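For the record, the sequence lines run as chains A, B and C.
So the first sequence is numbered by this note's numbering: it starts at 1 and just counts up by one.
So the second sequence is numbered by this note's numbering: it starts at 1 and just counts up by one.
So the third sequence is numbered by this note's numbering: it starts at 1 and just counts up by one.
The reader is advised that the hints may include incorrect statements.
[As the list claims (entries may be wrong)] Here's a subset of chain A near chain C, in silico, CB distances under 10 Å, partners left out: (1) A21; (2) F26; (3) S29; (4) T44; (5) N47; (6) P49; (7) I273; (8) G274.
[Said to hold, decoys possible] Cβ pair distances, simulated, as ranges: (9) B:E252 / A:L80: 53 to 63 Å; (10) A:E217 / C:V66: 46 to 56 Å; (11) C:I87 / A:D243: 51 to 61 Å; (12) A:L80 / B:D317: 30 to 40 Å; (13) A:V379 / C:V124: 44 to 54 Å.
Everything labelled a hint here was simulated from the structure, so no lab data went into it.
The model shown is predicted, which means the values in this text are computed figures rather than measured ones.
We put the CB at the ideal spot given by N, CA and C, even for glycine.
Each chain is listed here by its residues.
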Amino acid sequence: MSTPVLNITKGINALKEQIDAPTAAFFSSCVHCGLCAEACLFYTETNEPKYTPINKVEPLRRVWESEYTLLGKVKKILGLSKPVTDELLAEWEPLIYDGCTLCGRCSMVCPVGNDISGMIRKVREGMVASDHAPEGLIGASTRAVKIGSPMGIRLKALQAQIKHIEKDTGLTIPIDVEGADYMALLSSMEIINFPEYIESLAKIFKQANLSWTLSSEAFEATNSGIQIGSSDIARELIQRVVDGAEKLKVKYVISPECGHAFTAIRWDGPNLIGKTYPFKVVHILELLDELQQSGRLKTSGVEDKKLTFHDPCQIVRKGGVEAQPRRLLNQVATDFVEMSDAGKMNWCCGGGGGVSANERADEIRLKAFNRKKSQLEEVDVEVLVTACANCRLILEEGLEENNMDIPVVGLSELISEHLVEDGEKI
Amino acid sequence: MMNKKTLFESLQQQGVTRRGFMKYCTALTSLMALPPSMIPIVANALESAKRPSVIWLSFQECTGCAESLLRSHSPTVEGLIFDHISLDYQHTLQAAAGDAAEHAREQAMKEHYGKYLVVVDGSIPLADPGYSTIAGISNLDMLNETVAGAAAVIAVGTCSAYGGLPMADPNPTGAVSVSSLVKDKPVINVPGCPPIPTVITGVLAHYLTFGSIPELDDLGRPKVFYGQSIHDRCYRRPFYDKGLFAETFDDEGAKKGWCLYRLGCKGPMTYNACATLKWNQQTSWPVESGHGCLGCSEPNFWDAGSFYKALSIPDGDYAKAAGYAVATGVALGAAAGFANQKTKSSAVSQHTKVTVDDFDMNKDKK
Amino acid sequence: MEMFSNANDFLIWVRGDAFNIALFILIIGIFIRVMEIFLLGRKKDFSEPRGTEWGPGLKNIVSRSVVDSGTFKRAPFIVIVGYIWHICFFIVLLFFVPHIELINAMLGLQWPGLPSQLVDAATVIAIVSLIAMLWHRLTHPVLKFLSTYEDYLVWFVTFLPLLTGYIAFHRMIDPYPLALGLHIFSVELLMVVFPFTKLMHAITLFIARWYTGAMMGRKGIES
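Given the sequences, and given the hints that come with them, work out the whole structure.
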């Protein structure tokens, strides 16, 4: 039998590539206090110690110790170091992909300041290179690269949705308009599950009187490469967006609500392609907030239902967009209440970081949802608002599973419903 | 011979009253940490004690120990006890010299074979016997010869007890203590530089009283005199506990009599009776006079670091060690760091691009 | 101990050669570890920063000492005992006059000490909290699962100086030079073990906290 293309040697090599000064500082600092377990919903909802975040990065730690520390090198020579084997990676695969949403809560709690979730992201590089990624994510990545969307959505499907919306609302949804200021990206889920988002975009840009466009070559914002943990795949997908934006000569690229898409395009993208963008990346909530602050976004009417906001990890905790959704919500809601641990310490829905695309993780994901369930039970709201298509889907599923009748609404949509033009609702 | 007289008779002859004698016995009993009920027994024993023959050998020493004992200001009972013993040989004090002096020693050894006491002050040089000889006899030979017939040996002063100043680094004469040479006779160490006179006579008195040697600690010192540290009995101890320290010899703290730890006092590690017995007819003692304890009754006290550095301060040339360590650390750290960079850059160069076609979709079925 | 004829020899050795050896290893080890970290470097970040790195990095060094209330409620024991341990340990280390003398001699820095009864009380609390943490490590499922021989070794070499210090202070071992010698020797053991174990967190946590704080600051997340 020939050696598979992806193998343990490549896996270890990938881990070696990932280790940098912060990683070394993090591993040097861990005192095994166990607090990160308390920050992780996969531990708190299962009580299984193996889900302790710092345990998840054990393969990376072993490589760091034996390759990048003097004592570790001596131990390796003496045969005392614990090796990273194919079996080890196979054993760790469910911890890395099923039991972690890269939500980053552990990185906020660690008393020595270790960015543990950042290291788990690094471990995924090794998992991919040694062919230990879960089937669901491999499928999504393959579709993303080959078809253009992890859910297999082609341009035709988008065009059909656009036609629908344009017909229903009389709004125009521009495609491939060169020289537009803004290029909006969408996530597959928005195209298929929540087309209301596209409609909201059209309303918002219309009211703010901004020129915008979609790109037929780069409409997909999600990046399965980031989720599976392959920089190579992620780079290929980011490059499409960059090419599309450069082709249309836009000034801004708008990340959709989708959390990990924002991380991919906003923070990881420039580093994947190794240069700064010729455009700015703005999250839709940032744009809405900015428009509202500058008075270009007028709303009327308020929601008087009791509602709360679920912070998408990648947008709030890892994306720094925390105050904006609150300002926006307070504009259109009278009874906005916060969940416990709201904001940057919020608990993940359980489906981020590729977990939702990994069917094998369904069971543990629903277990992990108990954390969100008890948070929601505490506030007892009528409406749950969020700003991430993936969170939204996971929340809807979890609520249904638990027989909780709370509608989940996208924040952009909620805002767009209250937009007024010349005193008239659009 | 004179030594047929008892101690009490001898004392009476010198004008010591019965009252004075009993007072001394009381002091001695308490000094030896014996219960008051022992006072009559001590008195009785001393009354009937015969004058023992004592041979005093002075090797590599400064005569300070003998001076400590002899230069007591006014006649004391301690002094009288010392007068009472039959000091058959002490080359500093005896009138005889040369062959006559050595004769006296040989004669005393012969006459009191197995019963005489040997007092030694000073250390014994082993590097070259020529460093210290008496009448052409090396210190080692004289010690061996004299100790052979002794009942016990009293090593007076830190030099004879532990090697003292001559043994201090680099120990040019190869000086050693008495106890490192004498293994077959009881050796009582009475260290101090010099020892407290009361302690020297106290040990003699104990021997006279009980005919045996007192209980000794691990360093061969009589526990009754060396059982407690200076620190534990120091009148300045409360200041230590309160955290009040003199920082220079003339600051406010020094004037107020605060603890001298920071000025290098070795009281915490020193076992001696200075704090209770004091010196010069109980006039004062080093700490009371404003100077930290030097730790003179402890082995190797000369080599235990500066007298003026606190006990907690390392004594070696740590600045030099630290300097070398920084230089070595930077060099090794750079080497390790660059090796790591090499490891990483070779990993980067060995990277092969992952594509979605590389995944083995059948692996789960395997 | 055959190489020492008496306790004083031992004390002289631990205050002299042994201290120098331990200091030598400690310093070299720390330099190697810290340089190993820094020379690995960080990739240049091409993403457009939303905030700065330095300030938030420094802020995180301080703010990470305060745990968020949710985590505190979930794990009050480790948080409370952790604080008590570190506070008492630093009181003992930095405010016992003999220790201040050592620091002054080595670094030329000086400050007033605390009465020894207070330091003594802090020592007892530190010892009790260390024992409590060991018990916690041996019984809590996560800690039991995470712990390796290194965790127990580090516990032991940290515990020894406190125990021997307490014994020396109360002169519970005779003679005192032996008690003090054992205390200093146990500290030297700690110094030798320090650069090669998680004890390094005392230094690298500043680096780790800075990196994470800087990364967050760059993204405009409050640390």
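Hint check:
Given the 10 Å rule on beta carbons, the hint for A:A21 holds: about 4 Å separates it from the nearest Cβ of chain C. With 10 Å as the threshold, the beta carbon of A:F26 comes within range of chain C, its nearest partner Cβ sitting at about 5 Å, so the hint holds. For A:S29, the interface hint holds, since its Cβ comes within 10 Å of a Cβ in chain C; the closest pair sits about 4 Å apart. Nearest Cβ of chain C to the Cβ of A:T44: about 7 Å, under the 10 Å cut. The hint holds.
At a threshold of 10 Å, the smallest CB-CB gap from A:N47 to chain C is about 7 Å, leaving the interface hint in force. For A:P49, the interface hint holds, the least distance from its beta-carbon to any beta-carbon of chain C being 4 Å, beneath 10 Å. The beta carbon of A:I273 comes within 8 Å of a beta carbon in chain C, closer than 10 Å, and the hint placing it at the interface holds. Interface restraint check: A:G274 against chain C, minimum CB-CB distance 7 Å, threshold 10 Å, status holds.
Hint check: B:E252 to A:L80, Cβ distance near 59 Å, so the stated range 53 to 63 Å holds. For the hinted restraint 46 to 56 Å between A:E217 and C:V66, the CB-CB distance of approximately 48 Å keeps it satisfied. Look at C:I87 against A:D243: about 57 Å separates their beta carbons, and that is inside 51 to 61 Å. Checked against the hint of 30 to 40 Å, the pair A:L80 and B:D317 passes, with Cβ atoms roughly 36 Å apart.
About 45 Å separates the C-beta atoms of A:V379 and C:V124, a value consistent with the hinted range of 44 to 54 Å.
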